[in-house]
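Chains as they are written, first to last, in the working numbering: chain A, 1 to 118; chain B, 119 to 594; chain C, 595 to 802.
These are computed hints drawn from the structure, not numbers from a lab. This list has only true hints and no planted wrong ones.
Listed next, the in silico DSSO-like pairs over lysine-lysine satisfying Cα-Cα at most 30 Å (straight line):
hint	chain 1	residue 1	chain 2	residue 2
1	C	K677	A	K55
2	A	K111	B	K223
3	C	K769	B	K223
4	A	K55	C	K769
5	C	K777	A	K111
6	B	K279	C	K622
7	C	K677	B	K279
8	B	K150	A	K112
9	B	K279	A	K55
10	B	K223	A	K112
11	B	K312	C	K730
Since the structure is predicted, the reported quantities are computational estimates derived from the model, not experimental observations.
The chain contents come next:
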Amino acid sequence: MLENYLPVLIFMGVGLLVGIGMTAAGLILSPHRPDREKNSPYECGFEAFEDSRMKFDVRYYLVAILFIIFDLEIAFLFPWAVVLDSIGTFGLVAMAIFLGLLVVGFIYEWKKGALEWE
Amino acid sequence: MNFVTPDFMPAMPEIFLLTIVCAILIIDLFLKDESRGATYMLSLIALAATAILSFTGYSQETVTTFNDSFILDPMASILKVAICVVVMGVFIYAKDYLIDRNIYKGEYFILGLFGVMGMMVMVSAGNFLTVYLGLELLSLSMYAMIAMQRDSAIASEAAMKYFILGAIASGMLLYGMSMVYGVTGSLDLANLNKAVSTADRIVMSFGLVFIILGIAFKLGAVPFHMWMPDVYQGSPTSVTLYISSAPKIAAFAMMYRLLVDGLTDMHADWQMILIILSVLSMALGNIIAIAQTNLKRMFAYSTIAHVGFIVMGVLTGTQAGYGASMFYAIVYAIMSVGGFGMIALLSRAGFEADNIDDFKGLNQKSPWFAFIMMAILFSMAGVPPFLGFWAKISVLQEAVNSGLVWLAIVGVVTSVIGAFYYLRVVKVIYFDKPMDNTPIKASMDIRMALSINGVAILALGLYPTALIALCINTFS
Amino acid sequence: METFVFYIFSAFMVLSALMVISVNNPVKAAFFLVLSFFASAAIWLLLEAEFLAIILVIVYVGAVMVLFLFVVMMLDINMVQIKKGFVNNLPLAVAVAIAMFATIFFVVGGESFSQSVFTIPDRHGADYSNVAELGKVLYSDYVYSFEIAAVILLVGIIAAISLTLRRRPNTRHQKIEDQIAVKSKDRLQVVKVDAQPRKYEPAKEEQK
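Isolated chain A (complex conformation):
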């Protein structure tokens, strides 16, 4: 089985080489003349007004968590799709119940208004 993944390994190696190679080339070959003004951060040519970090709206996390939950649900679908013909009706019903439970969750989040961005 592992031989199928050899191209992936080679790709990772090549990717690593290209990435490191380009950064290194840029570092070595490019002219490097920094001064204080060049290094200072700026906002459209002005001095920065405030810190870019800020309090984050909790709704962002809500959307993120809901996304991850449904992402995980998708993860369960892959093996099911691969073996659907050998597990038969029982597997189909098992997945129907699984998805049904998450549909209940989906109805809940829709009706609660968790998907709305006021």
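Add chains B and C to chain A, keeping to what the hints say.
Chains B and C alone, transformed into the frame defined by chain A:
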């Protein structure tokens, strides 16, 4: 493929509960805040029906299904009924409290029911996977329930502490399970026993230590008890009611499934560890409880002491010992739900009756509830003829029978020390002057349920034979 | 060859895991966590746990860490303050870590899992699919666990919503459906004003 469709009948209570919880969840969405009572009533009906279904499924034989990941034995049936009944009490006691605090939401009941589902999965778990999944289902529901009172800083703190420590404990449990799985190659608890004799002893013991650590955390045995006082005190009383009662029954079941169903052959190894846990829990719980002025904290330490007794029954390694321990776990849950129910009863909007001083002169306000509180406290202290006495005596008896006389003596001595702080509360109730004259305001159902709870502690204490026999027969 | 790849990825994983807890910049820490996830996915792949490796990349690297990175980039956490305790507690932490490692190493050690105890599992051919093997048992033998997993996800949804959703009734926002449904009489009201003889003050006007 040689796969036979599993038999669904043994898992009927779980399937029923899951279906009805989903229905309640959808119904609750369409209810207005004024008609939230419907969710409450439906939840109680769901629990009652699940209890009845579990009860009708009772049989002396052990049935397994779902490729051995589900076990239905007498212990599972009895504990499921006990869990459902206790959680019904929790919901009834919590209702007024939730309304007063403006946190009367459908989610409390729904998460509570999902927690019950998790406990039921734990109780009849047949392999490591289901033990762990049931535990996570229960824990996740409890974390969310604690944090639900969002404006309360101490509730958030309690939820955070519980969540982080609980996650670490789950990780430890999983690590231990993976070690055992690594050397035995089996997730099934029943197969584990066959594999123990051939497996690498050292790695097995290593995994065992981590498994016990996870169990001890969930039970709250010393030295893994640190979370309990803070979480009990920080959570709203409605949630403390929940986390202090039924999950201990489930934790006992988890201990039984993992150590006895799975690793009986390693009894010599785990007995020593459990003895240490038991002695430390009884001693530390009872001694530190004396210094508490907050009743919720005091009950938390008293829980730690009770857990010491539950562990003591299991560590004897005899069938009768498991029965005694199971009896103790059920009795503890009944007492605990009553004790926190009294706190919920006396609390009202903007006032938490969680200090011992808040119980001053309860007798002048309401002699009946003073009597019930006295029954609960005496029972916890182990004063005859209340129910707690029989629980203590049966565990101690089994400890003596299996030759652990010194352990029984430690149990008796620490109980006597512990009796002091229970009696102090009784003294406050009967002999002190009330701090204020606010009458007790509570709806009919909470009064009824508390009365039944208190009377049950006394009545079952006077006629304990049936319940004890039921628990002892479970294992023989 | 396989052993070589294993050691490369193990080294990556251990080093990046160390960096996660020791670098000062939280964004860099998150990136190192991604790297350690990648390396552990590769190790799983070496064990022929193909599905787990793919899921680790899709779910953790693809979803969890990317979302996490957004937050870490934007959040106002003062790392200097958080790191204060780090140096002070470092000796204790190192001591505990070494003690833990020593216990595990000397008690369990390498021998317990060595080849003399366990035979090396057979290598599968190129046509072997770990995903299919997993699927065959997951939806039949382990269907009970599978459905409980769905219940846990459902509880996750409920918990997340009940803990974070806060209604804000007084935020202003566009209601498109109301805008479309509007009729001319909702916007314009024609008021009959009787003609009156001209006085000093101008006639009262009613406006809506």
